[in-house]
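The numbering used here puts the first residue of the sequence shown at 1172, with every later residue one more than the last.
No lab work stands behind these hints, which were simulated from the structure alone.
Glycine is no exception: its CB is placed at the ideal position from the N, C-alpha and C atoms.
Wrong hints could be hidden among the right ones.
Cβ pair distances, simulated, as ranges [what the hints assert, rightly or not]: (1) A1297 to G1215: 32 to 40 Å; (2) A1198 to A1259: 31 to 39 Å; (3) A1297 to N1180: 37 to 45 Å; (4) L1336 to N1309: 13 to 21 Å; (5) N1232 to T1190: 33 to 41 Å; (6) G1247 to L1285: 33 to 41 Å; (7) V1203 to G1280: 28 to 36 Å.
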Amino acid sequence: AMDAYTAENNGFALGDIVTIQTVSGVADFQLVAIVGFGDVDSVGGGPYVMVEYEAARSLFNSGDEISSIVILAEDGVSAGELVERVTAVLPGGVEALEATEVAARQTEGIQEGLGFVRTGLLAFAAVAVLVAALIILNTFRIIVQQREHEFALIRSIGAARGQILSMVLIESLAVALVATAIGIAAG
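Go ahead and model the full structure; you've got the sequences and the hints to work with.
What follows is the structure, encoded as structure tokens:
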């Protein structure tokens, strides 16, 4: 069986031979059902294929192990009650979970798995900030060099070195504030 979204987008119809790639190789199956999940044609937006138990064991080299089973409760049976009933008949070392707990565990696993992406992005941001700082420093050096004659003239009429330094720092602060405001406004 295959999810309706994948079947429709790839032109599959009942009776077609579908090739499936798994960790143990490639296998061909006849499409015997096209399924939906309530009002949704696909779970998670990816292809979803269902095969018989024996075929799944050979495709995924799982031996006698089953990683998960999904059980739908009858009307009037709560998720908590279903978990209690299933837990009562499970062997030791096997657990029954509500869908919300399974989703929470999967979310946690995904967040842990993507932690390196956050670290990588922070490293790139740090490099970008460093490069920007060096460019700004170089720009101000060039501006100060171009204005040496102006500073000499101001010194000749009695300005102290500290006053010129204060003037340059105030100008730098003003440019930084305006640039920051523009950057924040522009996004």
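Notebook entry, point to check: Which numbered conditions among the earlier hints are violated in the structure presented, ordered from lowest to highest?
Noted result: 5
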